[in-house]
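S.K.: Next come the chains, spelled out residue by residue.
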Amino acid sequence: MSRILSIWVDNKPGVLARIAGLVSRRGFNIESLAVSDTEDTTRSHVTMVVDADEIIVEQVTKQLNKLINVYKVSDLTDADHIDRELVLFKVSAEAAQRGEIIELASIFRARIVDVAANTLTVEATGTTDKLEAMENLLDAYGIKEIIRSGKIAIPRG
Amino acid sequence: MWCKLTGVYADEAKGGSTVSEHNGKKMTGAQCLITALEDAGVETIFGYPGGHALALYDALYDSEKLTHVLVRHEQAAVHAADGYARATGKVGCVLVTSGPGATNTVTGIATACMDSIPVVIITGQVPTVVLGSDAFQESDMTGVTLPIVKHSYLVKDASELASTVAQAFHIASTGRPGPVVIDVPSDLARKSGVVYKYPDEVKLQSYKPTYKGNARQVKQVARALRTAKRPVIYAGGGIISSGASKELAQLSEMLRIPVATTLEGKGCYPEDSELNLGMLGMHGSTAANFALRDADFVFAIGTRFSDRSTGRPGAFAPHARVAHIDIDPAEIGKNRKADIPIVGDAKTVLAAIVGELKKEDVKPATEAWLTQVLTWVREHPFAYEPCEDHVQPQRVLELLDAMTNDRDTIITTDVGQHQMWASQYLHTDRPRTFLSSGGAGTMGFGLPAAMGAQIAFPKSRVVCITGDGSLQMNIQEMATIHGNKLPVKVLLLDNNCLGMVHQMQELFLEGRYSETDFFGNPDFAMLARAFGWSAFELENPQELESMMHAWLDEEGPSLLWIKIPVSEDVFPMIPEGKTVDDAIGITNVGAKEGE
Ligand SMILES: Cc1ncc(C[n+]2csc(CCOP(=O)(O)OP(=O)(O)O)c2C)c(N)n1
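Protein chains in written order, with the working numbering: chain Z, 1 to 157; chain P, 1001 to 1595.
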């Protein structure tokens, strides 16, 4: 099962390598990883989605906590939280189909960010479920490329 | 407190003051680093110079406080620092150059990491401007060592050199100890006009090891210990690094609970005590393994349920509830679920448990269990069939055990059959006197580790027990030992093969001895003499005892070379992934027929 870990780390070179190295060395599979600065310039934040059960995640969490550059690790999966992902879909679109795709995008509150002779690029954000639903519908037109940002998450309140 | 025992703290080294007298002085980066090592309380550095360590070595040239030991191979520098750390509890220190000098330390670092030994390794590095360009003798040292360090630094700013050293020593020696690497680009070392600032105190927001155990869990363990019918204490190297031997003895004696130790825990509890069952695990004592098999309560302290100790996971102590103390939260529940987990320092937590037990009348309730356990001890000792035709390694070690009773002795071992015989036949009564690579099982550890221990304790007798395979892995250190006038004694049990692997091939691979027999081994006595050692070669088994005395009485470094037959195996043995009930070669002394 996918679990979402929220990790606060020192904003220093090499910290990401330590985290990624540790997780892969212990045989856990990373589904996605999103790293960014935070409101505190000395810290960075990592949202990591791993495919593992609760016991394994507990071990990963403890191992991550041992890294000197890691401040805090929380498992947000079962906590009240909001998670989002950003996706860019490049869809085949001859002139005749553009209207339909634009309409579909607007239903999902997605935006068209690039138009070319026979493709449209759609930008969408949302939960994994929503983005998957959208992907299924766009598939009918022919998806040429999908780039996802990886999940980011924040606890509510 | 725990850090007292490690004895390495700057405030201790300088008699209580924590403010460096050098603070505010301007110096080169290299001088900052060397001064910081002095402020960290370092006395001895093991190392090897090179191009990108030139400036560091140049600063070292002026140091009056630091003694440098020039080894013959960087791997040995780390093992020596490791041996020094194991013997003293202080942080061992290593200085080497970049590239091959740095990568040569890797096995040493992995060895220290697996056994949680505090060592700080300083590596030269190419200048910052060419970092990442595959410059001459560049290797990404922080990258290479990532999985085998407690922490590492690539310093990018000369003004941070002193504080980095302070942090490295703090991290290496506190919490669960371990190796820390500091990679120093040569331009930082050469930089002049750097203002020296050694921090009065190291504070790391994201690193705060827990020493004190949770009070509720302390009470729970105390209650469980009182009511357990068949309790066993399973004691590891954590007792030694925490300095918790006294508290362990108090607890076990007060409730009369038998103690089984791991290889790394050897010496944490006197081995002549009747409550000490000896080492558990693959080649461990049958009494220890039987006791764990039948225990209803296992109290694991400073140990990690490694496969060499537990055998098949799931079959270890199958009837027992488990309480587990460890300073590293990640060890608790990693290999075995703990019914009562306690994160904390062994010494602090054990003292709290003893205090808790003393609140009520303490009545040991284990006599029936102890009777059973002690019967096992009597019936299944480590023993061998005496034989007149050749020298038996077990006999040699029994003699060594008796001969080293007279004065304080530190034993180091290499890895193989000789290591297991040493752990079985030598009685270790004090912590930090049996030094062996357990987690990594690194052949080549013994000789340099003995060198490190001997430097720390020049007056002690230091004996390295080794095999012909292991000795040849770092034999060049005979030169360093000779050059530094260290009276290390080496006992070479030479079976002309890689005995431990040979034994596995004999038992499990129908005697298909693939590449375990040596051809062309040297004349070890001549070799030792070439290194400036004295050497004894046993030819007549009748002379064993007298020759051992002569060897131990030598003033300088001395080798005792004893040829033993390949046929000698280490027993008992629990085959990998099996349980004590599948053990091979359990002795049976005085047991009734049919038992
Ligand atoms: C560096 C290293 N290489 C290989 C091994 C695998 N290994 C374990 S024991 C052993 C044989 C050791 O032979 P020797 O030192 O002669 O000791 P003996 O078992 O004969 O007493 C080997 C090859 C190891 N532990 N370490």
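If you're looking for bench data, these hints aren't it; they were derived computationally from the structure.
Fair warning: there could be bad hints in the mix.
Claimed, not checked - Each computed DMTMM-like pair below joins lysine to aspartate or glutamate, with the alpha-carbon atoms no more than 20 Å apart:
#1 K1563(P) to E1537(P)
#2 K12(Z) to D40(Z)
#3 K1208(P) to E54(Z)
#4 K12(Z) to E1160(P)
#5 K1337(P) to D10(Z)
#6 K1229(P) to D1200(P)
#7 K1197(P) to D1140(P)
#8 K12(Z) to D1157(P)
#9 K1219(P) to D1361(P)
#10 K1334(P) to E54(Z)
#11 K72(Z) to D1408(P)
#12 K1334(P) to D10(Z)
#13 K1334(P) to E135(Z)
#14 K1334(P) to E58(Z)
#15 K1246(P) to D1408(P)
#16 K1156(P) to D53(Z)
#17 K1337(P) to E58(Z)
#18 K1246(P) to D1429(P)
#19 K12(Z) to D1339(P)
#20 K1337(P) to E1271(P)
#21 K62(Z) to D1328(P)
#22 K62(Z) to D1339(P)
#23 K1459(P) to E1506(P)
#24 K1203(P) to D10(Z)
#25 K66(Z) to E1253(P)
#26 K1203(P) to D53(Z)
#27 K1219(P) to D1187(P)
#28 K1337(P) to D40(Z)
#29 K1334(P) to D40(Z)
Stated by the list, open to error - Listing some non-contacts, in silico: residues in chain P with all C-beta distances to chain Z over 10 Å:
#30 H1151
#31 R1216
#32 K1246
#33 D1296
#34 D1328
#35 S1514
#36 T1516
#37 D1553
#38 K1563
#39 P1565
All values reported here derive from a predicted model rather than from experimental measurement.
Using N, Cα and C, we set each Cβ at its ideal position, and we do this for glycine too.
S.K.: A separate judgement is required for each hint: does it hold in the structure or not?
M.R.: To see whether the hints hold, each was checked on the structure:
no.: 1; hint: K1563(P) to E1537(P); in the structure: holds (8 Å)
no.: 2; hint: K12(Z) to D40(Z); in the structure: holds (13 Å)
no.: 3; hint: K1208(P) to E54(Z); in the structure: violated (25 Å)
no.: 4; hint: K12(Z) to E1160(P); in the structure: holds (14 Å)
no.: 5; hint: K1337(P) to D10(Z); in the structure: violated (32 Å)
no.: 6; hint: K1229(P) to D1200(P); in the structure: violated (50 Å)
no.: 7; hint: K1197(P) to D1140(P); in the structure: violated (27 Å)
no.: 8; hint: K12(Z) to D1157(P); in the structure: holds (13 Å)
no.: 9; hint: K1219(P) to D1361(P); in the structure: holds (15 Å)
no.: 10; hint: K1334(P) to E54(Z); in the structure: holds (13 Å)
no.: 11; hint: K72(Z) to D1408(P); in the structure: violated (46 Å)
no.: 12; hint: K1334(P) to D10(Z); in the structure: violated (26 Å)
no.: 13; hint: K1334(P) to E135(Z); in the structure: violated (40 Å)
no.: 14; hint: K1334(P) to E58(Z); in the structure: holds (9 Å)
no.: 15; hint: K1246(P) to D1408(P); in the structure: holds (19 Å)
no.: 16; hint: K1156(P) to D53(Z); in the structure: violated (40 Å)
no.: 17; hint: K1337(P) to E58(Z); in the structure: holds (12 Å)
no.: 18; hint: K1246(P) to D1429(P); in the structure: holds (12 Å)
no.: 19; hint: K12(Z) to D1339(P); in the structure: violated (38 Å)
no.: 20; hint: K1337(P) to E1271(P); in the structure: violated (29 Å)
no.: 21; hint: K62(Z) to D1328(P); in the structure: holds (9 Å)
no.: 22; hint: K62(Z) to D1339(P); in the structure: holds (18 Å)
no.: 23; hint: K1459(P) to E1506(P); in the structure: violated (42 Å)
no.: 24; hint: K1203(P) to D10(Z); in the structure: holds (14 Å)
no.: 25; hint: K66(Z) to E1253(P); in the structure: violated (35 Å)
no.: 26; hint: K1203(P) to D53(Z); in the structure: violated (35 Å)
no.: 27; hint: K1219(P) to D1187(P); in the structure: violated (56 Å)
no.: 28; hint: K1337(P) to D40(Z); in the structure: violated (38 Å)
no.: 29; hint: K1334(P) to D40(Z); in the structure: violated (34 Å)
no.: 30; hint: H1151; in the structure: violated (4 Å)
no.: 31; hint: R1216; in the structure: holds (20 Å)
no.: 32; hint: K1246; in the structure: holds (28 Å)
no.: 33; hint: D1296; in the structure: holds (25 Å)
no.: 34; hint: D1328; in the structure: violated (7 Å)
no.: 35; hint: S1514; in the structure: holds (30 Å)
no.: 36; hint: T1516; in the structure: holds (31 Å)
no.: 37; hint: D1553; in the structure: holds (48 Å)
no.: 38; hint: K1563; in the structure: holds (43 Å)
no.: 39; hint: P1565; in the structure: holds (42 Å)
Hint check: violations occur at hints 3, 5, 6, 7, 11, 12, 13, 16, 19, 20, 23, 25, 26, 27, 28, 29, 30, 34; the rest are consistent with the structure.
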